[in-house]
Amino acid sequence: MPEGPELHLASLFVNRMCGAVVFTGPVQKSEVSKNPEVSFSCPAYTIIATSRGKEVRLTLTPQKSDSAQGRCRRGKTGQVNQVQTMDIVFRFGMSGFFRFTTEAELPKHSHLRFYTNEKPCRVLSFVDTRRFGSWQPNGTWQLNRGPCVMFEYLSYRENVLSHLSDRAFDRPICEVLLNQKYFNGIGNYLRAEILFRLNIPPFVKARTVLEGLQTHLSDEDRKSVVKVEVTDTEVKEEVTNTEFKEEVTNREISDRAAVKEDESETPDLLRLCHTVPLEVIKLGGKGYDPEKMDYTDFKSWLQCYCVEGMKSVRDHNGRTMWFKGDPGPMAPKDAKTKMIVKKEDDHDYKGGKKVKKARSESTMKPKYIKEKEVPQRRAGRRK
DNA sequence: CGTCCACGTCTAC
DNA sequence: TAGACCTGGACGG
2 MPEGPELHLA
12 SLFVNRMCGA
22 VVFTGPVQKS
32 EVSKNPEVSF
42 SCPAYTIIAT
52 SRGKEVRLTL
62 TPQKSDSAQG
72 RCRRGKTGQV
82 NQVQTMDIVF
92 RFGMSGFFRF
102 TTEAELPKHS
112 HLRFYTNEKP
122 CRVLSFVDTR
132 RFGSWQPNGT
142 WQLNRGPCVM
152 FEYLSYRENV
162 LSHLSDRAFD
172 RPICEVLLNQ
182 KYFNGIGNYL
192 RAEILFRLNI
202 PPFVKARTVL
212 EGLQTHLSDE
222 DRKSVVKVEV
232 TDTEVKEEVT
242 NTEFKEEVTN
252 REISDRAAVK
262 EDESETPDLL
272 RLCHTVPLEV
282 IKLGGKGYDP
292 EKMDYTDFKS
302 WLQCYCVEGM
312 KSVRDHNGRT
322 MWFKGDPGPM
332 APKDAKTKMI
342 VKKEDDHDYK
352 GGKKVKKARS
362 ESTMKPKYIK
372 EKEVPQRRAG
382 RRK
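Numbering (the working numbering), first residue to last: 2 to 384.
Among the clues, some could well be false.
Here are the computed distance ranges between Cβ atoms for each label pair [what the hints assert, rightly or not]:
| no. | residue 1 | residue 2 | range |
| --- | --- | --- | --- |
| 1 | Y296 | P333 | 26 to 34 Å |
| 2 | P333 | T25 | 49 to 57 Å |
| 3 | D88 | M340 | 41 to 49 Å |
| 4 | L162 | T141 | 23 to 31 Å |
| 5 | K65 | R131 | 32 to 40 Å |
| 6 | S66 | Q29 | 22 to 30 Å |
| 7 | T321 | L165 | 24 to 32 Å |
| 8 | P333 | K65 | 51 to 59 Å |
| 9 | N145 | K337 | 31 to 39 Å |
Taking lysine-lysine and the DSS-like style, the derived pairs with C-alpha atoms no more than 30 Å apart in a straight line are [to be verified]:
| no. | residue 1 | residue 2 |
| --- | --- | --- |
| 10 | K312 | K334 |
| 11 | K30 | K109 |
| 12 | K339 | K312 |
| 13 | K312 | K182 |
| 14 | K283 | K312 |
| 15 | K334 | K206 |
| 16 | K283 | K109 |
| 17 | K35 | K182 |
| 18 | K30 | K65 |
Note that these hints are calculated values from the structure, not bench results.
Every residue gets a Cβ at the ideal spot worked out from N, C-alpha and C, and that includes glycine.
Work out the full structure: start from the sequences and follow the hints.
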């Protein structure tokens, strides 16, 4: 399920599984993939992953000879081996993920493979059934994508609020939330969950929803640095955390003097685009291995997307928008709204755990949703 | 068997 | 604003 949280979980997965592993030889691409060859080969290298929004970057680092000096510099055949690191930037399309298996258990649709130097070797695979995913050797974060909603919160927020005059914000809010120039990491299920929580009609003009939001940071915004660090202690992520810390530190210094604190502020839309994805990261933090992943927890976490009793419409780009209540004024004209109804004699699903109940409860009484139609114009409280 | 649908971009009329 | 790009699971006849 590749939206921002899944991409980040993928990077945690790679670092956890491969952090202490040495890889060797060339990087292999499947025949069928149309993505570029990765011309990197080295007798011994390590792999580190980083995520930003809906991208993951793998950094391949040749091992600097602990014993044999310059073992990566030159092979015995005389061919020059890789000396420098290589970054590969991945996008996951609709079905991409990483897996780490034995060579014998190579997954179907494994399109890029990194081999370990172990006896029966293992393989880190980029698996992508539909092949909508892509990678770029010697790549950088895609230039037209904005800051990460999860780990560059302050600059992401600033980027949106300082560009509200952009014509992009003429569109309905639900469609703008998929614009990766401003919401890098948000995808189809996240936009539904986020708008649902604020009871914002999906087809209200984005600028109308956003222009009332405060430019300064709320109290909760500042605390976010603490939350993220706690979240990430499970698997330490030096790079991401370092970047984040620096950013917050700088911004916090400049903001502190200027901002007077509000006590209890309802999280606004921009903040939910940060915190809701972080919830998903917490869910998946334990045993991330997508192939044998159990989606029970995730499904019960969903309050709107694909949930019984919710409505859905195709937006102007043909994507299904899940919502509850009023679709809003800019809803596609011809659009026929569907609604999922309970199946006849539903056996309450085999799992039958408390989690399933939890979903029904949240559907019936969304406690933190104001039953009044509030956020039409502005989600956050205004002074 | 067939049709519809899917967590996302891309580029071409 | 369409399509193109892909495989496969769910569901209907």
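Going down the list of hints, with the structure as the test:
| no. | hint | in the structure |
| --- | --- | --- |
| 1 | Y296 to P333: 26 to 34 Å | 30 Å, holds |
| 2 | P333 to T25: 49 to 57 Å | 53 Å, holds |
| 3 | D88 to M340: 41 to 49 Å | 46 Å, holds |
| 4 | L162 to T141: 23 to 31 Å | 25 Å, holds |
| 5 | K65 to R131: 32 to 40 Å | 39 Å, holds |
| 6 | S66 to Q29: 22 to 30 Å | 25 Å, holds |
| 7 | T321 to L165: 24 to 32 Å | 27 Å, holds |
| 8 | P333 to K65: 51 to 59 Å | 57 Å, holds |
| 9 | N145 to K337: 31 to 39 Å | 33 Å, holds |
| 10 | K312 to K334 | 16 Å, holds |
| 11 | K30 to K109 | 13 Å, holds |
| 12 | K339 to K312 | 5 Å, holds |
| 13 | K312 to K182 | 28 Å, holds |
| 14 | K283 to K312 | 27 Å, holds |
| 15 | K334 to K206 | 15 Å, holds |
| 16 | K283 to K109 | 28 Å, holds |
| 17 | K35 to K182 | 25 Å, holds |
| 18 | K30 to K65 | 26 Å, holds |
Checked against the numbered hints listed earlier, the structure breaks none of them; every hint is satisfied.
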